[in-house]
Amino acid sequence: MNTVPLRKLAKVIRSKNSGPFELTFDVIFDDQSVYEKVKASGALNREGLAKTYNVDVSDVVAFMFFDPALAFKMTLRRNWGQGTTAERDTFGAQQYAPLLDVEVPFSSNW
Amino acid sequence: MTKELKILTPIGMLGYGIPEAHFWRGVDRDPDAIIVDSGSTDPGPYLLGMSKTLVTPEAYRRDLSLMLRAAAERKIRLMISSAGGPGIDQHVDDMIETIRDISRSRSYHFRIAAIYANVDRTIVHSRLDEGRIKGCGPVHSLTHEAIDKATNIVAQMGAEPFAKVLRERPDIDIIVSGRSYDPAPHAALCMVNGVDPGVYWHMGKIVECGANCAEPKGRVILATVRKDSFDLEPMNPVECCTPASVAAHTLYEKTRPDLLPGPGGVLNLAGARYEPLDDRRVRVSGGAFDPSNPYTVKLEGAAVIGHRTIFIGGIRDPILIGQVDDFLARVRQRAEAIFEQLGDGTASLAFHVYGRNAVMGALEPLKEVVPHEVGLLGEVTAPNQDLANAICSAVRIDVLHMPYPGQLATSGNFAIPLNPPENPIGPVCEFSIYHLMDIDAPADFFPIRYTET
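Same order as they appear, the protein sequences are chains A and V.
Per the working numbering, the first sequence starts with residue 1, numbered consecutively.
Per the working numbering, the second sequence starts with residue 1, numbered consecutively.
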């Protein structure tokens, strides 16, 4: 089976702080059937994304699909202090980039 | 309730620039209140730790002038929450002073309520001893030392203090509050008018961000609220609220989109329904509010933890770039050997290697990529600026001149754009308190003062 990167399937892929101690990721789709197929594919899974982000699974604070918004949500513990010494991304706005390249199993009837 | 309530939210953040035409279009709909939030922790702890405001006084004055004109000429109640950003008492008083100043020049007369959110640290100490404080999310445990070193401590008020003002002084024209849960003033107006809590908290959570829930994202939004549902309509005619755009809004900056904890309980959106009324308007219902016992408020505290000096520059030599992590580790070792404060933790040194992993640090999955050029930001934080300057200078000199294996270039390792090469940038803050505290009387915990212009 072929795969297609998430960036070609989603309408929105973003990251932001959820308060000073969490980093949250949203993937939003604009097509119900694409959303359902991505959800069913298992490409977005807790263990896999924890590995991508090099964090322990216990650092994944929330991991869920939210059907009313055709959306996937993941929240990670922010393992560095917001806006203090050694800050890298005050707003958490650029932490989503690896999600763009998550490969989703693709069959030709999509 | 006898009628529908209309709430106009002119922007998601006071001072970001209310668009005038869309604002007056909303005012012409005869809203019961104009409500705007002014608070955020997102810019980081320096606002609360150094008593700074989120935008400039000029920016506040500009947006306030517009809203005060509507309040005076159309007799619309105005509510401003989390004055100044961190919402400390001083910011409430400064905001009221600006309102007074504008009112004086235009002969407006307003009755004003101020609600304050600073928390006396003796209360926090005793609640900690009583076991009535716990972390808000994945945060460190609170200590008495952290309480003492915080510059300011505020608590996010819920709807109750606003509702108290609306009930005991229905003639009040303007409410300015200190740190507040963002949807609290929206919720309070609905609370005193008999709307269901699940409805008003859901409405408040969405419109406190202005027309952020529209497509394209906008600023001015009108919410029409009745007992068991609410309608959303952006005031810019090119913007549309759709069921998907509105549902997606509760993802934004939230741990999860379906359970939204706040002062006094949790908004549960598992049963929420979003129906299109037309191409631009959505009706929302089905949210439920589960009260919590005890009633908790979020405490926010920030402290100055040191003074920082930085240097910035670039490396282009592929021989050095190929071993830059090892090179910087040796620079660090040399600095630690000279300055014991780096070893014992009273000072700190951080390198940000742009082109490598400066943005994502340990989260970066691309570990083996070797770029042709890297940028380096060095930051040193110490208990005083002189020591930060001294350490930063020594580190920068080593980055420029320290030898490395295979070195061909013996005249310098580092391209420095700024002169002087090291620059003191002042105090560094941290969020030292981000915890939930039980309170007994949510309406009375936050002091209220009445005044007039």
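Don't read these hints as lab results, they were simulated from the structure.
Because the structure is a prediction, the values reported are computed rather than measured.
There may be inaccurate statements among the hints.
With a straight-line Cα cutoff of 25 Å, these simulated DMTMM-like cross-link-like pairs (lysine to aspartate or glutamate) come out [to be verified]:
#1 A:Lys8 x V:Glu215
#2 A:Lys51 x V:Asp278
#3 V:Lys75 x V:Asp171
#4 A:Lys39 x V:Asp278
#5 V:Lys149 x A:Glu87
#6 V:Lys367 x A:Asp67
#7 A:Lys8 x V:Glu253
#8 A:Lys11 x V:Glu368
#9 A:Lys11 x V:Asp279
#10 V:Lys367 x A:Glu87
#11 A:Lys51 x V:Glu368
#12 V:Lys217 x A:Asp67
#13 A:Lys16 x V:Glu364
#14 A:Lys16 x V:Glu452
#15 V:Lys367 x A:Asp59
#16 A:Lys8 x V:Asp325
#17 V:Lys134 x A:Asp56
Verification of the supplied hints:
1. With a C-alpha separation of about 20 Å, the suggested pair Lys8 (chain A) and Glu215 (chain V) falls inside the 25 Å cut-off, and the hint holds.
2. Simply put, Lys51 (chain A) and Asp278 (chain V) have alpha-carbon atoms about 44 Å apart, too far for the 25 Å limit, and the pair is violated.
3. Restraint check for Lys75 (chain V) and Asp171 (chain V): the C-alpha separation of about 11 Å stays at or below 25 Å, so the hint holds.
4. Our distance criterion of 25 Å between C-alpha atoms is broken by Lys39 (chain A) and Asp278 (chain V), whose separation comes to about 29 Å.
5. Simply put, Lys149 (chain V) and Glu87 (chain A) have alpha-carbon atoms about 21 Å apart, close enough for the 25 Å limit, and the pair holds.
6. Taking the CA atoms of Lys367 (chain V) and Asp67 (chain A), the gap is about 35 Å. The hint is violated against a cut of 25 Å.
7. A C-alpha spacing of about 24 Å is found between Lys8 (chain A) and Glu253 (chain V), which places the hinted pair at or below 25 Å, so the restraint holds.
8. Of the pairs offered as hints, the one joining Lys11 (chain A) and Glu368 (chain V) is violated, with about 30 Å between alpha carbons and a cut-off of 25 Å exceeded.
9. For the given pair, Lys11 (chain A) sits about 20 Å from Asp279 (chain V) by alpha-carbon distance, which is consistent with the 25 Å threshold.
10. Note on Lys367 (chain V) and Glu87 (chain A): the hinted pairing holds, with a Cα-Cα distance of about 19 Å set against a maximum of 25 Å.
11. With a C-alpha separation of about 16 Å, the suggested pairing of Lys51 (chain A) with Glu368 (chain V) holds against the 25 Å cut-off.
12. Only pairs whose Cα atoms come within 25 Å are accepted, and Lys217 (chain V) paired with Asp67 (chain A) is accepted, the gap being roughly 21 Å.
13. For the given pair, Lys16 (chain A) sits about 16 Å from Glu364 (chain V) by alpha-carbon distance, which is consistent with the 25 Å threshold.
14. At most 25 Å may separate the alpha-carbon atoms for a hinted pair to count; Lys16 (chain A) and Glu452 (chain V) exceed this at roughly 40 Å.
15. Restraint check: the Cα-Cα separation between Lys367 (chain V) and Asp59 (chain A) comes to about 21 Å, which is no more than 25 Å; the hinted pair holds.
16. Only pairs whose Cα atoms come within 25 Å are accepted, and Lys8 (chain A) paired with Asp325 (chain V) is rejected, the gap being roughly 35 Å.
17. Taking the CA atoms of Lys134 (chain V) and Asp56 (chain A), the gap is near 23 Å; set against the 25 Å cutoff, the hint holds.
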